[in-house]
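K.L.:
Here's the letter readout for the chains.
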Amino acid sequence: MHKESAIREPLILGHKTYHDITEDVCRSIEGKAPRNWYIMFGISLLVGLYGVGCILYLLGVGIGTWGLNKTVEWAWDITNFVWWVGIGHAGTLISAVLMLFRQKWRMAINRSAEAMTIFAVFMAGMFPLIHMGRLWVGYWVLPLPNEFGSLWVNFNSPLLWDVFAISTYLSVSFVFWYIGLIPDFATIRDRAKSPVAIKAYSLLSFGWSGRAKHWNRFEIVTLVLAGLATPLVFSVHSIVSFDFATSVIPGWHTTIFPPYFVAGAVFSGFAMVQTLMLVLRKAMKLEAYIHTKHIEYMNIVIMTTGSMVGVAYLTELFMSWYSGVEYEAYAFLNRATGPYWWAYMCMMTFNVVSPQLMWFKRLRRSLMFTFFISIVVNTGMWFERFVIIVTSIHQDYLPSSWSMFYPTWVDIGVYVGTIGLFFMFYMAYVRYFPVLAIAEVKTILKSSGESYKNGSAELHTPAKPKVETVVENIESKKVEDVVSDKSDEDHSEKISSLISKLGVGDALNKDDLKLVSGVGPKLESVLNGIGIYTFEQVSKMTKPEYDLMDSITKTFPGRAERDDWAAQAKVLMNNKNN
Amino acid sequence: MGTNRKYWKGLEELNQTPEFLENSKNEFPEELSVNEFLADEKLAESSTGRRDFLKFLGFSVAAATLAACEAPVIKAVPYVVKPENVTPGMPTWYASTYYDGSSYASILVKTREGRPIYIKGNRDHGFENGAINPRISASVLSLYDSERLQNPTIDGVDTTWSSFDASVSKELSSAASSGKKIVLLSGTEISPSTESIIKEFKTKFGGDTTSTTELVDGVEVVTETSTGNIEHVQYDAISYNGIRQANLESFGKNIIPDYDFTKAKTIVSVGADFMNNWLLSGQFTNQYGQRRNPDGEWMSKYFHFESNMSISGSNADVRGMIKPSQIGEVLSILHKEITGSALAGVASTLDAKVVAKVKDAANELKANKAESLLICGSNDKSMQVVVNSINSALNNYSSTINLNNPINLFKSEDDKMSALIKEMNAGKVGAIVMWNTNPTYSHENGDAFNTGLAKIKTSVSISQFADETASNCKFVAAENNALESWNDFNPKGNVYAIAQPTIRPLFETRSAAESLMTWAGMSEFSGKDSSSFHDYIKTMWEKYGFPKQTKYSSFKSFWANAVHNSTDDANVLAATATTFNGNISTAAKTIAAVKGGDFEVITYTKSAIGDGKMASNPWLQEMPDSITKVTWDNYITMSPADMKAAGYSEELGQESPSSLATIVSGDVTFTLPVFPQPGQMPGTVGVALGYGRGKNNEKIGKSAYQTGEYGAFLEDENGKRVTIGANAYPLLANGDFSVATITKAEGVYNLACTQTHSTVMGRNSIVKETTLDIYKTEDAGVYNHQHTLHTGWNHDEKPIAEFNLWDEHPVENVGHRWGMSIDLNTCIGCSACLISCQSENNVPVVGKDEVRRGREMHWLRIDRYYASDIEPTVGTKGKEFAEEGFAGLQDASNDPKVIHMPMMCHHCNHAPCETVCPVAATTHSNEGLNMMSYNRCIGTRYCGNNCPYKVRRFNWFNYPSYRKFTEVNPAQDDLGRMVLNPDVVVRTRGVMEKCSLCVQKLQATKLVAKKEGRAIIDGEISTACSEVCPTNAITVGDWNDTKSLVRKVTTEKRAYQALEEIGIKPNVWYQVKVRNEKNEALAELQTSHGHAAEHHEEAHGEHEADLETGHDSHDDAPAHH
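Here the protein sequences come in this chain order: S and R.
In this text, residue positions in the first sequence follow numbering that gives the first Met the number 0: the first is 0, and each later residue adds one.
In this text, residue positions in the second sequence follow numbering that gives the first Met the number 0: the first is 0, and each later residue adds one.
Hints were generated in silico from the structure; no laboratory data involved.
Label pairs and their computed distance ranges (CB to CB):
#1 S:Tyr405 to R:Lys643: 23 to 29 Å
#2 S:Arg430 to R:Glu69: 47 to 53 Å
#3 R:Asn793 to S:Gly226: 46 to 52 Å
#4 S:Trp341 to R:Leu713: 31 to 37 Å
#5 R:His563 to S:Leu128: 57 to 63 Å
#6 S:Leu128 to R:Gly48: 48 to 54 Å
#7 S:Leu128 to R:Glu716: 44 to 50 Å
#8 S:Glu146 to R:Asn812: 37 to 43 Å
#9 R:Ala711 to S:Leu128: 28 to 34 Å
Computed from the model, here is a short list of chain S residues facing chain R with C-beta under 7 Å:
#10 Gly63
#11 Met131
#12 Gly132
#13 Trp139
#14 Asn155
#15 Ser156
#16 Ile392
#17 Tyr396
#18 Ser402
#19 Met403
All residues carry an ideal CB built from backbone N, CA and C; glycine is no exception.
All chains, please: the whole structure from these sequences, using the hints.
P.N.:
Dropping the structure here:
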C-alpha cells in the first residue's frame, strides 16, 4: 500500500483517534444545530423561495419577462446554466479522477464537493427547463415512444446531447455520492437515539452491516463508478460547449471550446469548493481535517486550470485575427472594446490575472485570500459565460439586428434564487449528512494522521500544526489541560489510585454515563478521560473515591456524593443487565 | 355472414299466443299498484336522516356548481343556406378601388367566409399596375376597429337613422330659410356620382349652380359657379394647390398634370418625395421601377435635392442636401443652365458640392430633352411656375408631363377654406355638413376652425369615428368603411373606377353619399341593405359612361365588366406640348423673398401614417419607418452634427433614451424626441405630420394612444390618454417650411427603433452595390465576388456552393424548389411588403414597449444601411479602413448613401436552425422550404440564435390574450380577430415563428394546378410581399422550373446570396444594386487594386472555412494570393 513520507505535511492534524473522527463528523448531526445554522438556512430558504416565485411568474406570463430579444435569445438563462454546470464539475473530478490518482487529500473534501456537484447540477438543470417557451411539453426532448404524444427527437441537436450529458452526469454523480454515504449513514444509524433518526438512517444506509463482504463490494463499486465518472467529467462540459461550438455564430463557432470549457469548469468548480470548505471547516470545527494543505492543493488546481483558461482566451484572440474572417475578427474586437467591454475586462482580470497570484506560496496558503479569490473566480467565470453567450450574438452577422441585452428583475430573481436554493440544499446537507467521508478519512489516519505520521511528535514537532486542535469548549479544555498536565506527577498517581479502586473500565463497551443524574456530555468525557467508562466503576465509588475524583477534576466538589452516583449507577447497571 | 336463425324469448313468443300478443303491447306487463305503493305507511314513516340530508346537500351543491360552470360558447355557426360565392375555405376576391382623400389605387380585396381580410393592388387593371402603399394594405384592419361609430349620434347620444335624418333635414331646412350659409366641406371629392348628388343637395337647400361644360382638347371641363347660400368647399390636409395655381398661370389650366416616369431618362426631384406620398406615388413608383433595370434598354438617372432623408432621396443616384429655403436657389441654377436666364435676385448660398450636383443634373436634363422630368415638392406657386418653365424648356410637356390627362385628386381650395374659417367665426354659417375631412386636427388653423364650428347651429359630420372634428359636431352620421360601400371615382382625365362593397355594413352605418341623398330627399334610407346609392351610380354610369364606349352593346355587360374590373381601361389622351405662359420675373421676386433661418422645420408624411387618417391602425403604427426604423412615434429628425453641437443624445436603443427638444415657431410650440438622421441637412429638422391625434381623448381608435410597460394607456396629469407624438399641422401655416428655434427640453424619451445600428460595417457579402459604368464594363466578379474555397493538395479553388458538410437536401431538379429573388435596385424601402405580410400571416402587433425591447414580430423587415465616411458606398471598405479600422465603420456619414434590403427567412438548404432544434420542430421540406411546426416547438430559441439573418421571431408572451397587448394587438378583441387569415394559424406563447414563404399560398396554387391537371405556370406563384411590391422588386417562383423568371434572375450576373460564405445555401437571392452615378472611390476599389485587396481578404475567410470542411490548406493560404 501507499505510504506517505514523513516530510509531507500530515492530512489529519491533531491527535485524532478513529473515534474522534466519528465524533467530529457526527456531532453536527446528533447535536442541536447552532443559531447561525438556522439563520443561514432561513436566509437561503427565503432567497430560494423568492427565486421560485420568479420562476412561477416566468412560467405564468412568458419568457418575455426576461430581458431577451430577437437578437439575444439566450442570455442569463444559459449563462447561469453553464455556470452552474461548471461549478458542478469539481465534485466528480475530486472524487473520481483524484481517487484514481490516489490523491488522499481529496478525502477531506470529496463528500462535500460531491454534494455541491449534485446541488449545482440541480440548479443547472433547471435553466434549460425553465428557459423553454413551453415547459409543459419539455418532455419532448426525451426520445419517448410515440404513445407519449411526441415524435422522435433530432439527434443532430447539441441541445439534445445536453439532455443526455446532464442527466447522465447527474445520475452517476448522485449514485457515486450515495454509495460513499452508505457506510457513514450506517455509523450514524448505529449511534442514533431518536426513533425517527434510526428509522431514517436505517433506510438511507440500505442495511449496511460493515461486514467484510460489504466493504469489499463497496470498494469495487466505488472504483467502477470512479472509472465511469471520470470520462463524464470531460464529456459534460465538452457537450455543453457544443451548444456553441457547432453553431455558425462568430464567437461561438470555435473548436477550442471543449477543452477550454472543461478547464473553466474545473476552475470554477474548485473555486466554489474553496468558498464552501472555508466556511464549512470553520462552522463545523473541521480544521483538523481540512487545513491549509488542502486549501493549498486546491489553489494549485485553480492556478493550473486558470492558466489553461487564460491560454484559451488568448488563443481565441489569436485565431480571430489569424483566421482573417471579418465576422470572427469583429466578434472578438467587439468583446474587448464593444459595449460589453466591462464584462470582458471582468472576465480577463478575474479569470486570468487573479489565479496567477497563487504562484506566491504565502497567498495560496492564506485562507482569507483564498476565500476572496474563490469568490472572484466564480464571478469571473459567470462573466466568461455571459461574454461568450451575449457578446457573440448581440452583434453578429447582420448589423441591422444588433442589439443590447438588459436583464429584468426576473432574470436577476431567478439567478439569485438558484443561489438561495443551492445554499438551502447545502445547509440541509450539512445538518443531516456526514460532511466528511468518515470511513474514508479513517483509512488515512494511520498513514497521514499527525500523531501517527510524526511518531513522538510531541517531543519534536517539525510540522507543528498551525491549526489548533481546539474542538471543544473552554470547560472541557480546562479539564483536558488538567488531565494532560504531564508536570503534575501527583495527578497521574491520583488517577491510577482511583482506577485501581474502581477497576479498569472497558472503553469499548462503555456505558452511557450521561444517564447518571448530574452527568452531562462534558462531564462524561471528563470521566472517560480519567478512565471511568462503566456503571460498574461508578457504582463502586464511596466517600474516599468521591474526594479523590474531586481532587483530580477540581470542578464539582461534593456533587457526585450529593447525587449519590454510586447508587444510581447500581440501578442503571441492574437495568442494563436485565 | 348472414344467418336466418331466430331467437325467441320463450315458447309464448314462438307460438304467438294471444296472451303474449296482448302483453307485448304493454310496457309493463304486470299492473303496478301505484295506489298501494303510495299508501304504504312505511314510506310515510321513512325519515331523512342527518347523514342523508348532508349527502343530498352535498350532491345538490356539487350539481349546482357544475351546472353553473360556463360552457364554452361556440360562436361559429354553419350556414343553413350556403350563400352564393361563399365556399368555406375558399377565398373570394373582389375588384374594387381605394380612395381615402390622398391615396388612390385599384385593388383586389380577398374575402373569406364573407370577411374582407386582405388587400392587394390590381395588376390587371388600373394605371398603377397594382402598386399600393402600406396604408392601403393596412386599411382592411381599420374596418374592424372596435371604436368605429356604430350608430348615428345626436349630441353624442346614439339614435336611429330615422330620427337622425328627420332632425338633420329639419335643421338644414331651417338653416336654408334663415338666410345663413350652408357649407358642404369635404376632402377632394372625385366621385362623379357624389358630385351629382351634391348638386341636387345644393338645389334642394336653396343653392343654385350654373355649370358650363366645354370640350377642351377632348376632355370635358366643367366649370361650376355657385350662387345662393350653399357652397361646397374641398380641402385636403396636404395641399398641392401650388401646382394647380402654377399650371393655371403657366398653361391656363387649373390642374395637376399626369407624369410619366417611364419616359424619363433623367429625373430631378427638388424635395418631391414621389416614391412616398407625392401625388399618385403608387403610379410613379411603379413607373420609376420599370426603368431601373441596368440590363434594360436604358436606366434612368435620378437626382434628388432635399433637406430630410426621404424614401425617394434614399434611392436617388445622386442626392444633394439643401435647406428648404434653398429650393429656389436650386431651381434658379437649373433655370439658368437650361433656359439661359437665372432667376433675378435669387442669391446663392448653396454649398459648392451641391452646386456641382445641380449643374450635373442640369446637364443631364439638357442631354435628355423631352425625356426628362423635373419635379418639385414645394406647394408654392412661384416655385412650380419656375419648374414648369424649366420642363417647358426641356420640351417635357410633349412626353413625360401630360396636361391632357390631369390628376383629379388634391383639389384643395386653400383660399376658400381660409375664408370659410373666417365666415364661421363671424357667425355667417348656419349649417355645415362634412365628410372625409378632419380640419380641427389637420388644418393649420384647426383651433380657429373649431371655435367657428361651435358657432354653427347645425353641424353635421359624416364620419367613421367621433374624431377631433366629429366629436364637436351636433350630428354625427356614422359612415361606412370604404369596404362596406359602393362608390365611383374619376381619378384622372377620363379614367373612371368603381368601388364595390365586400361586406355588409358591420354596424348601423351608411356611406356619405347615401346620407347626402337622404337629406337631399333623393331617397329614403332603408337600412343596411339600402341600395339607393348603388342604384344612383348605376344610373349615372348608364347615362354618362355607357354611351361613351363602344365595346359593350348592352349596359348590363358594360356594368358587369366595370364592376368586375373595378376600372375601365380608358384611352388616355397623349401629351401635347403647350406654350408656357408663366411669369418668371414675378415668380423670381417671390422666390428671392424667401428667408431662411438658423433652423428650418420641414414637415413631411411617413409612408405608414400618411396624413394621420389611419393613426389608430396598429399595423401602421408598428411599421418601422422606411428611413428611421422607428415605430409608434413622431420625432424631430436632426443632423447628427447639429445634435452633437446641441448636446443631444445620439444613442438609440432599449436603454438609451433620446433627448427631447422644443420647437418654437411663431405661436406653435411642441416638444418631441430628437432622432439622429444621417443625410439631414444641417440647420434643418424634419417633423412628420399625422401624429398627435386625439389629444382630447376623442374615440378615434385605441392604437392612437401611448401605452405603458404593462399595457394600459399612459395618462397625463389630467387623466387623459397621452397621444403619440405631437400635431405638426399648425406649422403648415408658414408654407413649405417654418423658421424655428429649437431648444433642449427637460427629460428624456424612449424611441422604439427596430434597427439601432445604421451601417453595414463594410461587410461586403450582405449588400452589394456598384455603379452603372462598372456594371456595364466589368466582369461580374468585380462587383459581385463569389466566395470560393480551396480544396485538396493542389488548393483547387472551387465555388462555395460545391462544399457540403452534410448531404444535400434533395431539392434540386426534384419537384418544386421555391425560390425568391429580391432586386436591391428596385426595392425602395416603402414597406408595403411588410404590412402585406403582416396581414396575410396574422403577425401579432406587440406595441411600442416590446419593440423598444427588440421584440417586434414582423416576419419580413427591411434593413436600411447607411454608408459610413470610409465606405465609398454601403458595404465596401475604403482605403481609410486601413487606418481607422472598424471604428471608422461604426457611424453613418452625415451625407450617406443608403440601401434598403428586405430580409426574411432565407429557407436555407443547409439551415443552421434545423440542425439545432432538439425536437425537430423546424425541418426542411422537399420543396426547399424551411418549415416551422408550431405545435412541435418547445421554445428553446436555439434556432433563433443560430440564424445568421436573425429572422426568427419568438412569441415572448401570449399576444392574443396577455394584458400588455390589450390596447395594441387587434387579435385581442372579437372584431379585430375577424381580420385574421384562417389559412394561417395564430401562434401560441412560447413558440418560434418566421416567414413561411407564404406556404399556404403555395399550397393553394399547387392545389388549383392539380385540380386543373396541369403544371404550375410561372408567375402564378406569389407571396404576400411579392404581390404588393410597387416596383416588382420581389420575384418568386419554382427554381426547378428552368424557364421560370426566378431561375433566370438568380443565375444572372447581379444575383448573389447574402452571407453565402457560411455555406447555408439559402433559397433567397439578391440582385446587386446598381447606382447610376460616378463614384471614383468605388471604381478604384472595385476595379483596380481595390479588387485585389478585397480578394486577399477573402483568402483568409476561405481559409477558415477550409478547416471546417477538413481541407487543410492553411500552410500557404495567405501566400496563395
